[in-house]
Each structure stands twice: as C-alpha cells, then as structure tokens.
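Construct all of the structure, not just a fragment, from the sequences and the given hints.
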Amino acid sequence: MFTGIVEETGAVVDVRTDTEGKRIRVASSFADALDHGESISVSGACLTVEDVDGDGFELFLSRETLDRTYLDDLEPGDEVNLERAMPADGRFDGHLVQGHVDGTATVTRVERVGDDWTFGFSLPPSLARYVVEKGSITVDGISLTVADLTPEEFTVAIIPATYDLTNLSGKEPGDPVHVEVDVLAKYVERMVREGAVETPLLDGSQ
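Going by full-length UniProt numbering, 169 is the number at position 169 of the sequence shown; the sequence numbering is gapless.
Keep in mind that the hints were calculated from the coordinates and are not lab data.
Since we're looking at a predicted model, the values are computed, not measured.
The calculated lysine to aspartate or glutamate pairs, modelled on EDC-like cross-linking and capped at a C-alpha distance of 20 Å, are:
| no. | residue 1 | residue 2 |
| --- | --- | --- |
| 1 | 134 | 153 |
| 2 | 22 | 38 |
| 3 | 22 | 67 |
| 4 | 171 | 79 |
| 5 | 22 | 75 |
| 6 | 22 | 53 |
Printed below as a string of structure tokens:
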C-alpha cells in the first residue's frame, strides 16, 4: 500500500529485454535502504525490488506490466517517481494508493498560474465514472485532487513542491502518464451493483 506522496525521482540507468519482459535499473538516494523482495511504486506501478547494488536497484517488468503501462518505453536517462510502501506505523498522507495502474492518459496542457501550475490530462472513457471533481486521483504515483472535470479531461493544480520533486516538471502535452482511480469508488460501485448495500436514492424510496 502507498500514499501517493512521492519521495524522490530516480533515474533509469539501464534497460534490458529478455524473453519474459524487461529488467530496469534505477538510481536512487535510498537504494541502500531497500531489500530484495520489497515493494516500491515506480511512477505509480507497484513493482518488486529484485536486486540492490550500490546506489541503484533492479526491477523486473512482466509482460502484463508492460502491456498496462508506458514503462515499456522507458530509456536510460528517464526519470520515474519513487515511493516505498507505507510502514504499518507510518504517518498517512495523500490517499489510499495500491500501485495498480488502471490505465494510461496523456498530458493535454500545462499552464503556469502564478507560482503554481495547472495540468490537464485526457480522461480514459473506461475510468470516467470513477473520477469526481475534488476527488482523489493518482497520476504517475502522485496523490492529487481533481480540480476540474469534463467528459474528456480532468485538471489538477500542482504546487511548486510537487512540481520540483516529481517528474511532472519534465512532462509536456502528449506525454503519457499512469492513472489509478480511488479504489473506494470501485468498492462502492461493486457493492451497489450486487445489492450489498441499500441505496434509497437509487431504489426510489425517497
């Protein structure tokens, strides 16, 4: 489980392809604190640390991961957002983030507004019903709040700290991002659909 509070960006330093997927090596300031088998969020995708060596760590990207994300396009020099799994006794910020990428979107616009930025992202039709104005959403592993919403796009406000700490500072219109919707919305949808909860407003009793 993650919170969407990015710790730092790491640099991809090596990419290797094998018959079952890809292996990437990422340089990070906290690499020496990682252990084999530990979960880590890499731009919003929950991956497993396979090896740690000096100032970097290695990850395996399965074909399933490559098909669902844009990680197949990573090249040496690319920056990725990193967050270690939240410890049981850790302070909870952001919102509940699983690291399960629901889909990819593209940056539609980047606008400077005073000291802040407004980012627009395309809204995948399959995810639109889970996104609400002022609700939580995860973009490339970053916990954000939906500022505005249309059928085709959602926007978020980015403060300087988030802009400087994450890979959003290098994003331009047309670039891909990972999107994870609020898992609570999916649970509610399933419970309502299967009749697990009473919904007076839906059954016409009010």
